[in-house]
Amino acid sequence: MEIPILSVEQIEHKLKRMAYEIWERNSGEKELVILGIAEGGAVVAENLKKILSEICPLTISMEILQIDKKKVETFAPQLSVMIKNKAVIVVDDVAMSGKTLLYAIKPLLDHAPKKIQIAVLVDRKHKNFPVTADFIGYSIASTLQEHIIVTCKEEKVTGAYLK
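All residue numbers for the sequence shown refer to this note's numbering, where the first residue is 41 and numbers rise by one.
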């Protein structure tokens with residue numbers, strides 16, 4: 041059974057708030073690089089980029105990180121955008137165990153970014169890995185047996201559910 045936790049309207053509001061928080065914490069930067077974790081994280085990242093482009097003068101680059109969530113240990117990003125000495129925001133739809141986010145960040149360190157921040161639409165409090173998001177749309181304390189599902193249609197996040 042799926043229990044709705046966020047509607048489209050709530051998601052839009054949370055994404056806008058997250059974008060303002062990102063801008064506030066990075067207002068001293070000239071450029072921001074957003075890396076969205078496919079699939080859902082890429083849609084969230086696209087939405088954040090669009091809002092940020094409307095509210096701030098930063099140059100914003102974006103790329104999608106293709107991570108096989110069953111083999112995150114082998115992730116080696118092929119970045120077309122330079123992140124050296126730049127502010128990087130890694131975006132995912134849900135932070136469940138923290139494993140995907142941790143393995144997404146690990147190889148980025150080899151590229152010497154100025155800083156790495158994490159943005160997630162939904163953050164689950166119980167994690168197996170030491171990862172804390174900097175920008176959170178919605179935080180929920182769920183059991184280890186429960187899952188959070190974020191649905192997307194084309195370029196829009198359409199809902200979030202607890203299963």
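The hints are simulated quantities; they were obtained by calculation from the structure and are not laboratory data.
There could be a bad hint or two in this list.
Stated by the list, open to error - Lysine-lysine pairs mimicking BS3-like chemistry, simulated, CA-CA at most 30 Å apart:
#1 Lys196 x Lys56
#2 Lys110 x Lys155
#3 Lys193 x Lys111
#4 Lys203 x Lys70
#5 Lys70 x Lys167
#6 Lys146 x Lys90
#7 Lys111 x Lys70
#8 Lys54 x Lys165
#9 Lys124 x Lys193
#10 Lys139 x Lys154
#11 Lys193 x Lys154
#12 Lys126 x Lys70
#13 Lys89 x Lys126
#14 Lys70 x Lys110
#15 Lys110 x Lys165
#16 Lys196 x Lys126
#17 Lys54 x Lys109
#18 Lys54 x Lys155
#19 Lys203 x Lys155
#20 Lys126 x Lys203
#21 Lys154 x Lys167
#22 Lys54 x Lys154
#23 Lys146 x Lys124
#24 Lys89 x Lys54
#25 Lys155 x Lys56
#26 Lys139 x Lys111
#27 Lys193 x Lys167
#28 Lys70 x Lys54
Tested hints:
1. Lys196 x Lys56: Status holds; Cα separation ~13 Å.
2. Lys110 x Lys155: At roughly 27 Å apart (the allowed maximum being 30 Å), Lys155 and Lys110 satisfy the hint.
3. Lys193 x Lys111: Holds. Lys193 to Lys111 sits at ~25 Å (cutoff 30 Å).
4. Lys203 x Lys70: violated, 41 Å
5. Lys70 x Lys167: violated, 33 Å
6. Lys146 x Lys90: Roughly 27 Å separates the two Cα atoms, so the pair holds.
7. Lys111 x Lys70: violated, 35 Å
8. Lys54 x Lys165: Holds, at roughly 18 Å.
9. Lys124 x Lys193: Cα-Cα ~33 Å, so violated.
10. Lys139 x Lys154: holds, 22 Å
11. Lys193 x Lys154: Distance of about 33 Å is beyond 30 Å: violated.
12. Lys126 x Lys70: Holds - the C-alpha atoms of Lys70 and Lys126 are around 9 Å apart, at most 30 Å.
13. Lys89 x Lys126: holds, 16 Å
14. Lys70 x Lys110: violated, 36 Å
15. Lys110 x Lys165: holds, 22 Å
16. Lys196 x Lys126: holds, 27 Å
17. Lys54 x Lys109: Cα-Cα ~25 Å, so holds.
18. Lys54 x Lys155: At roughly 23 Å apart (the allowed maximum being 30 Å), Lys155 and Lys54 satisfy the hint.
19. Lys203 x Lys155: Given that 30 Å is the threshold and the Cα spacing comes to 34 Å, the pair is violated.
20. Lys126 x Lys203: Measuring from Cα to Cα gives roughly 37 Å; hence the hint is violated.
21. Lys154 x Lys167: holds, 26 Å
22. Lys54 x Lys154: holds, 26 Å
23. Lys146 x Lys124: holds, 14 Å
24. Lys89 x Lys54: Holds, at about 14 Å.
25. Lys155 x Lys56: holds, 22 Å
26. Lys139 x Lys111: Holds, at roughly 11 Å.
27. Lys193 x Lys167: With a Cα-Cα distance of about 27 Å, the restraint between Lys193 and Lys167 holds, given a limit of 30 Å.
28. Lys70 x Lys54: holds, 24 Å
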